[in-house]
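Student: Single-letter residue listing:
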Amino acid sequence: MYKYDEIDQQIVDERVAQYRDQTRRYLAGELSEDEFRPLRLQNGLYIQRQAPMLRIAVPYGMLSSAQLRKLGDISKKYDKGYGHFSTRQNLQLNWPKLEDVPEILADLATVEMHAIQTSGNCIRNITTDQFVGVAPDEVIDPRAIAEIMRQWSTFHPEFALLPRKFKIAVSGTKNDRALVQAHDIGMEFYRDSNNQVAIKVWVGGGLGRTPILGTVIREHLEWQHALTYCEAIIRVYNLHGRRDNIYKARIKILVKALGIDEFRKQVDAEWAHLKDTDNTITEAELARVAQHFDAMPYENVQAHDAGFDAAVASNPAFAAWVRRCVHPHKQAGYRAVTLSLKPHGQAPGDISSEQMWTVADLADEYSFGELRSSHEQNLILADVKLSDLFALWEKARANGLASPNIGLLTDIICCPGGDFCSLANAKSIPIAKAIQMQFDNLDYLHDIGEIELNISGCMNACGHHHVGHIGILGVDKDGSEWYQVSIGGKQGNDASLGTVIGPSFSADEMPGVVQKLIEVYIQERTPEERFIDTVRRLGVAPFKAHVYAKNEVAA
Amino acid sequence: MSNLIKLNNGVASLVEDDWALVQLPATQVEERKQAGKVVLFKLTGEATVTEAQIADTVIPATGKIILPLSVFIARNSEIKDRIAQGEIGVWLATHELLENLTQQQTDLNALPIIAIFVERFADGRIFSLGNLLRTRFGFKNELRAFGDVLRDQLYFLKRSGFTSYLVRADRSAQEAIASLGDFTKPYQGAVDEPRPVFKRYNRGV
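If you read the sequences in order, they're chains A and B.
Counting from 1, one number per residue, gives the positions in the first sequence under this note's numbering.
Counting from 1001, one number per residue, gives the positions in the second sequence under this note's numbering.
Quick list of the computed label-pair ranges, beta carbon to beta carbon:
no., chain 1, residue 1, chain 2, residue 2, range
1, A, R537, B, L1097, 49 to 55 Å
2, B, T1184, A, A391, 46 to 52 Å
3, B, G1010, A, S480, 58 to 64 Å
4, B, R1075, A, E33, 37 to 43 Å
5, A, K77, B, S1002, 44 to 50 Å
6, B, Q1104, A, H273, 19 to 25 Å
7, A, T210, B, E1016, 48 to 54 Å
Derived lysine-lysine pairs resembling DSS-like cross-links, with alpha carbons at most 30 Å apart:
no., chain 1, residue 1, chain 2, residue 2
8, B, K1199, A, K3
9, A, K544, A, K433
10, A, K427, A, K80
11, B, K1185, A, K275
12, B, K1199, A, K165
13, A, K3, B, K1185
Source of the hints: derived by calculation from the structure; they are not laboratory data.
Remember, it's a predicted structure, so these values are computed and weren't measured experimentally.
Here a beta-carbon is modelled for each residue, glycine too, at the ideal position from N, C-alpha and C.
Full structure from sequences and hints, please.
Tutor: And the structure:
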C-alpha cells in the first residue's frame, strides 16, 4: 500500500500543528462555535449526543497492520476501548475528548494516518471496492489514481468550502462493488478499444434525503485527465450549487435543476480551459504511486490444497464460514477473507481494541501485513493462502471475528443512529441487534440466502437504506421513534432505489416485519432466485399485503 | 491600526489601506430575493441590487475608490477618465458574475484592484472567483478579500490568487499572518503555484 515520503509526512505533521492551534484558540474563546465548526469538521470531529465523535480517514479502505494496531492503542487510551467502522470505510471513535483530539491526531501521524476532510463541506475520503487489487473480475486496479486523487483533494484551495459534502468513489471491476452510482462523482475504470485505461464518469448520485442514482456525464475520459476533469465538475458546483438551503445543496440537486445536458455543457466549457494544465497526471507520477500497489510476493502454490478440502469436508462450521466469508482471488491458491464485524447481538461495524490488535496480528501472519475495511462495515484480509485458511478461521473464531454471515440477512449495514448521532431521528443499532437475534439460526440464514438489509437512523442515509434489498429508515413522529421499510433497493451495476411498502412501524414490530417479508420470499421464490430477484419479479404488492395483513394498527 | 494584510513578493505584512471602499446605500424597499428558478439558479436566495440603490450611491469625486460592480457598470460614463488614471477599482459579491465585469471592462488590468466581498467565511465561491480572475481573465493586479475574512481561510485565499486580505475588524490581522504559512509543500497546483507536487519535486520512482 502507499507509503508516505517526507512530503506526505510534513503535510500531516503541519496539519496536526494547525489543528492544535485552532483548538487552542477555540478553547481560549478566540474562535466562535460557528467559526470552529468547519475547522473541526474538516478534521472529522463532530459534537454528538454524549461526546464528540472523531472520524479517522482510511483512504480507499486500505490499512496496514501497524496502523490498525495503533488504532487499537488510540481507542484504548482515548476512548472506551472500541471503534466503529463506517459505511465510508473510515473508523469512528465515539467517546474522545475535544481537548485530546490534537494528541490523537499526533499519534495517528506516527503511522501515516489523519482525519483530514472526513467530514465538512469538502471532498471526502475516496472509497472503492474492498477487493481492489485481488478480485478476479477486476479490469483496472484504481488505487494509484485514488491515491493521486487523495493527494490532489487534500487542502485543495479552490474546493475548501463547497456548498455541501462531496464524495467520490472509484471502481475498476466488472461488477461494481463501490456504489459508483451513489456518489457525487463515480469513476468507473475500464480498458477502451485501444486497450488504454479510461474512465466512465458518473455525476450527481447520492443517497441522503433525496436519493438519486448518478448520471453518466462522460463515457470516456483518459486517466491523465482525472484531476482536471473533476476540477471542472467541482468548479461548476462550487459556483452554482445552492448555498441557501442545506437540503438542496448537494451536486445532485444542481444536476437535476440544470439537466444533465446543460450541466455537461458547463463542465465541458470549464474543462476546455483546464484540460492539459499542470494538474494533468503524468506517466511518471502514476508509475511512482502504482509501485506501492504492486502485487504481493505470492508463493507459487497449487490452485487446490488437500488439507483445505479435507477440512471443508469434515467440518461443517468451517465449511459454512468458507461459503460466506472466503472470496475468490486473482492468484491461484489464494483467497480473500472477510472478518465479520456483525456477530449477532452487537452493533454492526463495532470492533474492540483487543480485536484490532488481533486482526493486526492475523494480517501480519497470513496476509502480508495489510487489510481493508469495507463499506459493508467488515474487515478483509485480502491475500490468504488456501492452506492457511483453517488456522486463520480458528483464531478468528476464538476472537469473535468469524460469524459466517457475510452477505446474509444479519450482515446488516447500520449507522450509529440515535444512540450516538445527534442528527438521528431514531436508534438503529437496537433494531439491527433485534433482527440479528430473530434470525439467530444459521441454517435458516443460509436458506434465506443472499440479502442485504440496511438501516439508517435518519434520512441522511449513512446506513445506505435506499440501496438495501430491505431498507429501514428511522423517522420521527411527534417525538417518538418509528421505522419506515422499503424493499427492492440494490447496489451494483443494476443499482436501484427501494420502494416504501407503507406506513411505518414501532421498534418492537421490526423483527416481525422482516420475518414476514422473508416469509413471502420463501413462499414465492423460484429455486435460483435471491430475495431481490423475487421482489423485482413480483413488485411490492404481495410483500405489502402480508406485512400489513393483521397489522392495521401500525401508525 | 490597519487590519489589511498585503502580500509583496510572497512576503506578508500589515499595510495602510490607500483605497476607499464605496458601498451601496441601504435599500428602502424590502429586499427582494430571487426565487429558486432554474434559469436563475445561481442567484437563488441572493439579494438583488435596485436601480435606486445604484443611482443613490455616492461616488467620491477624488481619490482611489473601489466601486460596487453594479455601479461600475451602470455609471461607467461618469468614471471613464478616472479609470484611465488608475483611480478606480471594482468589488463584487461572491454570487455576482465575473462575465458582467469582463463584458464592461475588457482590459481588467486597467483596474489596479479587484476586491471580492465574502459575506460569510464559509462561502467558498470566493476561491473559484479568485482562480478564474487570475487564470481565465489574466488579472495581474491586487486581488483583495474583504468581509468575513478570518485567519483560517487565508491560506486558501492566498493559493486562490488573492494578494491582500482585509481581516474582519474584531480579529487580529497581525496574528492571522501566521496562517498564510500553514502548509509549506501543497500537493496540488493552484494559482500561486501552478505545478503540483509531482512536478516540483523528484519523489523517487
